[in-house]
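Assemble the whole structure, with the sequences as input and the hints as a guide.
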Amino acid sequence: MSLLFYILAALSVLTGLGVVLARNPINSVLSLIACFLTIAGHYVLLNAQFLAVVHVIVYTGAIMVLFLFVIMLMDMNRANEPHKKWTTKLAATLSGCLLLLVLLASTAKVMLGGPAPVLSPDMGLIKNLGMVLYRDYLYPFETSAILFLSAMVGAMVLGKHEPKKI
Amino acid sequence: MAALISIAVFGIALLYIELTNSKKIQLPLAVVGLLVTLGLTVMQWNHPSSSFNNMAVTDNYSVAFNASILLSTMFVVLLSAYYYEDVKQHVAEIMALMLFTVFGAFLITSFSNMIMLFLGIETLSIPLYVLAGSKKFSLRSNEASFKYFLMGAFASAILLLGITLVYGASATFQLSAISDYVNNTKQLPGIFYMGIILILVGFSFKVAAAPFHFWTPDVYEGSPTLITAFMATVVKIAGFAAFYRLFSSAFSSIATFWEPLLWGMIILTLLISNFAALLQKGVKRLLAYSSISHAGFLLLGIIALNKLSAGGIFYYTLAYSLATIPAFGVLILVKNHRNSDDSIDAFNGLAKKNPLLAIVMSVALLSMAGIPITAGFFAKYYIFVAAIDSGYILLTIFAVLAAVLGVFYYFRLLNAMFLKEGEAEKIKIPVVFGISLLITTILTLAMGVFPDYIIKLL
Chain F
1 MSLLFYILAA LSVLTGLGVV LARNPINSVL SLIACFLTIA GHYVLLNAQF LAVVHVIVYT
61 GAIMVLFLFV IMLMDMNRAN EPHKKWTTKL AATLSGCLLL LVLLASTAKV MLGGPAPVLS
121 PDMGLIKNLG MVLYRDYLYP FETSAILFLS AMVGAMVLGK HEPKKI
Chain S
1 MAALISIAVF GIALLYIELT NSKKIQLPLA VVGLLVTLGL TVMQWNHPSS SFNNMAVTDN
61 YSVAFNASIL LSTMFVVLLS AYYYEDVKQH VAEIMALMLF TVFGAFLITS FSNMIMLFLG
121 IETLSIPLYV LAGSKKFSLR SNEASFKYFL MGAFASAILL LGITLVYGAS ATFQLSAISD
181 YVNNTKQLPG IFYMGIILIL VGFSFKVAAA PFHFWTPDVY EGSPTLITAF MATVVKIAGF
241 AAFYRLFSSA FSSIATFWEP LLWGMIILTL LISNFAALLQ KGVKRLLAYS SISHAGFLLL
301 GIIALNKLSA GGIFYYTLAY SLATIPAFGV LILVKNHRNS DDSIDAFNGL AKKNPLLAIV
361 MSVALLSMAG IPITAGFFAK YYIFVAAIDS GYILLTIFAV LAAVLGVFYY FRLLNAMFLK
421 EGEAEKIKIP VVFGISLLIT TILTLAMGVF PDYIIKLL
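Residue numbers (the working numbering), protein chains in the order written: chain F, 1 to 166; chain S, 1 to 458.
Treat the hints as calculated values from the structure; they're not laboratory data. Everything numeric in this text was worked out from a predicted model, so none of it was measured. Among these hints, one or two may not hold up.
[Said to hold, decoys possible] Below, a list of computed lysine-lysine pairs in the DSSO-like style, where the Cα atoms sit at most 30 Å apart:
(1) S/K335 / S/K284
(2) S/K284 / F/K160
(3) F/K160 / S/K23
(4) F/K109 / S/K186
(5) S/K428 / S/K335
(6) F/K160 / S/K335
(7) S/K284 / S/K23
(8) S/K136 / F/K160
(9) S/K147 / F/K85
(10) S/K88 / S/K428
(11) F/K89 / S/K147
(12) F/K160 / S/K88
(13) S/K147 / S/K281
(14) S/K147 / F/K160
(15) S/K88 / S/K335
(16) S/K24 / S/K136
(17) F/K84 / S/K147
(18) S/K24 / F/K160
(19) S/K456 / S/K307
Now the structure itself:
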């Protein structure tokens, strides 16, 4: 089990580096997909099957395909890539450093506090999730249906091609 | 619960009716849906209940606000018969989206759990982003929709972060449990206070109170006029109902912390909106600033936080809606006859050729200004009484001065209608449109003459 974790973790780091270092944006996105798959593997190791499946379907499937589409449509070549201003670079560096600081601080807190207590080994199982979702939180679950329906209807109303002016 | 299901079912039914593409069915179905839901809502009066693990509570407070939301929506839908006369596409969808907005409004008038608050506010907002842009070939409408969407998404995110921080401190979403947590904790953590501030910011955006009001004039002006009327009424009623429910239950014991913030916001809101309204040339923008100033008065009811508050806020929102809908209705008619000119000059000499429209508009404006025998007078009166009762004398004096300032810009419009000369022509009032205008006007006067019946409800 432990060996599997180390292999997965190494793969995650390697593919993560691939995202940042790849010259071609397509390769970058493909590495990101691989990275997400390894993270899904981590979820399985943590006994959170539902999270793993949702992660694969939503992130690796839907969102990454969207990323690929956007990159293909934008046709990013080295030649026409706009030169970034130094303020942009500064802002990017600053926000990156801030994120690193937050991550380091939270990691330090977890490390210093000793291993976190395990709440329940099968907390992430689909059965337990279903109990929470369909019993304790049934009301928000059902009402969000109307939210999504109105969002879809709205997308249709705004996005549909009109033959003539209204 | 039955009312909630009914409004959702009628909304979905309207989507199917779109297939027939016949307006003869669409409008009556929407009205029937609203009436059925109104009946189901009123039946819950004096029958408090809670359902789904106490996540939704139905009490007289929520029933009263829901009924007032339904009434406002119905008057707006009645105006839509004329407004969408020449529009072929998407009319049923627009009405369905209105009903979904009402669904979201229902969720936040009766929430007792922070999750429902967030879900409700999103269900209230997302159809409105679309409705604001429903005049697809108008650049202003597109701008309004986009602006509202971007700003609204940010405000929702801030509200959600606030809810998360409060949850992080208290480990519960339930309002009563948060209240218990506040009462039983000696030293509240900093993130709890931060959470309250962020929730306050999110709410003041949704109800358009300064300094988070910047989106209001542009969005109100750019949106189709009918949608503006809908936005100005339903969102405000539901927003304030939820605002007061949250701050009077969960955060009432630490009022000393958030009341100074609210105090500053009220002063800012009343100051900015009334002075900006004085400078406006367009009637739609003027009404937008007037809506911001009403938010300022309504916040007085929340800061007062005593037993008069709920009734005062309810009376004020109802009076404000019954004045806003006919005002926008008359604006729609005048604008259509003046080639979409909505400046104050377009109203010149309206009274001579169209006395009925001028009277309807005058009653609405007088009610907004707070002149006696209209509902607006008692609306302001009850709010002020509530504020004085809690010791906010200085703030109330300031608000009275702001109300006096408000009279100026409302009278500019009255002056244009009655005293100025203009080449006004006779405007034909469509029947359903006229019914909506007349009922709202009569209700405004009736509420001004018999205020007791409404104020005693809560």
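Cross-check of the supplied hints:
no. : hint            : verdict
1   : S/K335 / S/K284 : holds (10 Å)
2   : S/K284 / F/K160 : holds (29 Å)
3   : F/K160 / S/K23  : holds (20 Å)
4   : F/K109 / S/K186 : holds (25 Å)
5   : S/K428 / S/K335 : holds (13 Å)
6   : F/K160 / S/K335 : holds (28 Å)
7   : S/K284 / S/K23  : holds (28 Å)
8   : S/K136 / F/K160 : holds (10 Å)
9   : S/K147 / F/K85  : holds (27 Å)
10  : S/K88 / S/K428  : holds (22 Å)
11  : F/K89 / S/K147  : holds (28 Å)
12  : F/K160 / S/K88  : holds (14 Å)
13  : S/K147 / S/K281 : holds (22 Å)
14  : S/K147 / F/K160 : holds (21 Å)
15  : S/K88 / S/K335  : holds (21 Å)
16  : S/K24 / S/K136  : holds (23 Å)
17  : F/K84 / S/K147  : holds (27 Å)
18  : S/K24 / F/K160  : holds (24 Å)
19  : S/K456 / S/K307 : holds (12 Å)
Violated hints are absent here; each numbered hint is respected by the structure.
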